[in-house]
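Given chain A's structure and the hints, the job is docking chain B onto it.
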Amino acid sequence: MKGKLYLLRVLQYAFLLSCFILAVFPFFWMVVGATNTAVDIIKGKISFGNQLIPNLNRLFSDYDVTGIFWNSCKISLLTVLGQLLFSSMAGYGFELFSSKTRERIYGVVLLTMMVPFAALMIPLFRLIVSFNLLDNHAGLILTSLVSVFLVFFFRQSFKSFPKEIIQAARVDGAGEFRIFCSIVVPAMKATYAAAAIYAFMTSWNSYMWPLIVLQSNEQKTMQLLISTLSSAYFPEYGVIMTAIIISTLPMICIFFSLQKHFIHGITGSLKQ
Amino acid sequence: MAEKLPPLTLSSLDKKRRKVSFNNRYGWFFISFCLILLALFMLYPIISSLIMSTFSSRGMISRYVGLGNYKRLLHDTVFLQALKNTLLFFIIQMPIMLFLALMIATLLNNKAIKFRGVFRTGIFLPAVTSLVTYATLFKMMFSLEGFVNRFLMTTHLISDPIPWLVDPFWARITVMIALTWRWTGYNMVFYLSGLQNIPDELYEAAKIDGANALQQLGRITVPLLKPIILFTAVTSTIGTLQLFDEPTSFASGGVTAATIGPGNSLLTMSVYIYNLCFKYMPNFGYAATVAYVIVILVAILAFVQFKLAGDRR
Chain A
1 MKGKLYLLRV
11 LQYAFLLSCF
21 ILAVFPFFWM
31 VVGATNTAVD
41 IIKGKISFGN
51 QLIPNLNRLF
61 SDYDVTGIFW
71 NSCKISLLTV
81 LGQLLFSSMA
91 GYGFELFSSK
101 TRERIYGVVL
111 LTMMVPFAAL
121 MIPLFRLIVS
131 FNLLDNHAGL
141 ILTSLVSVFL
151 VFFFRQSFKS
161 FPKEIIQAAR
171 VDGAGEFRIF
181 CSIVVPAMKA
191 TYAAAAIYAF
201 MTSWNSYMWP
211 LIVLQSNEQK
221 TMQLLISTLS
231 SAYFPEYGVI
241 MTAIIISTLP
251 MICIFFSLQK
261 HFIHGITGSL
271 KQ
Chain B
1 MAEKLPPLTL
11 SSLDKKRRKV
21 SFNNRYGWFF
31 ISFCLILLAL
41 FMLYPIISSL
51 IMSTFSSRGM
61 ISRYVGLGNY
71 KRLLHDTVFL
81 QALKNTLLFF
91 IIQMPIMLFL
101 ALMIATLLNN
111 KAIKFRGVFR
121 TGIFLPAVTS
131 LVTYATLFKM
141 MFSLEGFVNR
151 FLMTTHLISD
161 PIPWLVDPFW
171 ARITVMIALT
181 WRWTGYNMVF
191 YLSGLQNIPD
201 ELYEAAKIDG
211 ANALQQLGRI
221 TVPLLKPIIL
231 FTAVTSTIGT
241 LQLFDEPTSF
251 ASGGVTAATI
261 GPGNSLLTMS
271 VYIYNLCFKY
281 MPNFGYAATV
291 AYVIVILVAI
301 LAFVQFKLAG
311 DRR
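These protein sequence lines map, in sequence, to chains A and B. Residues in the first sequence are numbered from 1 upward in steps of one, following my numbering. Residues in the second sequence are numbered from 1 upward in steps of one, following my numbering.
It cannot be assumed that every hint is accurate.
[Said to hold, decoys possible] Away from chain A, derived, C-beta distances all over 10 Å, residues of chain B:
(1) 64
(2) 66
(3) 203
(4) 280
(5) 304
[Unchecked claim] Covered by chain A, according to a simulated footprint, are these stretches of chain B (three or more residues, beta-carbon under 8 Å):
(6) 45–54
(7) 89–98
(8) 262–268
(9) 288–302
I should point out that these hints are in silico values taken from the structure, not numbers from a laboratory. Since the model is a prediction, treat every value here as computed from it, not as a measurement. In this text, a Cβ means the ideal position worked out from N, Cα and C, and glycines have one as well.
Excised from the complex, chain A in its bound form (with noise of 0.2 Å):
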């Protein structure tokens, strides 16, 4: 019975560990690959070279990547604050103060999460068109300001927030707005680091629309860098991968910042 055990133990360690290493070596050979040539790197050589500040300095001599960079900062910073107010207060509103009315559009907005984007893209692309927003971040913002999932994740976060507290307040005199300023948001920490990340997250990896509101040089975002570097004729792959990796920096250092309360925050919102 023990030695059965024991070898369970052994297989689900082995397990995790493939699992761990298939997921993590991908991150290590993106490093690797930065410091090669694009001969070495189609070759398939793993170990550490000496072509790290050629990479850069091509990618850097070739493209506006501080420009680039920013722009995704921008984009995705915006984006994020837009939908952290805007779901939030949604979210709030349809759980808090709850009518008939309120829950059949409630429902009426999660069936909307089932449209792909794609149905959308037309019609708003001519939108943009109409507001002159074309090759405009502020086009590629106004579009992404609310976030339907997010909606739906804050209400279910808001389900567990103690009521009694937000009664406390009102007797002691506190507008409706003003509790929800200084009272949740900030008791909800968790919930909105989560929620940011998750924002930042589609936010700043997001493509497609990028790639059709964005159209000149200037306005690009990375993503739509690496895709104009990968499907290049004669690849550069060195460079490519010093741009991948100065564009996955941000994203691993908010996760590993902001971990502990993306967790909490998840399980928060799925404890209803």
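Frame of chain A; chain B shown alone:
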């Protein structure tokens, strides 16, 4: 989903009315911003493209065709290929990924396993990469002379290089591997959060009653995780049917290439929509029709999944 109204314990009708109007005033206030934005950037496009799908256009000229676009789909070989490719990803890749995620999550929920935090972080890490990034990365790793072939050949698992990305069959396999790499950890986190809400006592009791690991999975874990499994299944279905970034990034030449993947093996419905709008002579009406096929398929598949889960709501 319907929430109960707050219990009406107040005796006078007046107080009740005042409460309803108070509720309404703030209820509408809090959701108004979201509703305006959604009406403009969600509801309007949905309705507009539904109307558009009854028109056929060539450039600037368009004419009303009713359901003609939907009939045209049935004879459109490119569309049928895109449909087949998309469904292949749905049928093969999605179940494997969700099962794998559930396996890893149950293992990581076992308190006897050490280094759970490290495993969890590492396995989730792929989920932070952008779709373009990981597709590009995998394209390089799976090139004919690339790392993967070299590794498999030096370990003598294969004698000839596998034509990843050159052969239609292997191109699909490559994309499936990449998709599994990217999304397994993402789904795992949801399962892990759900598992933490299942009290350990249940498993203790099951163990005392002599239930083995498989029985515990089938009788306790899966039934209690049902809402979350359903959630991941529906979101994965939506994601898979909308597949766009990966196929275009894997295809040599990107979106502008003549075929997406060898023999159009990676052409998905969303890519076809993009092509109809921005690559060929634009036919927005027909593109909208293809988009609505995705909507209908998602609705059907989600409905089936809800029914299978036996969810009464």
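Index of numbered hints that the structure contradicts, given in increasing order: 7, 8
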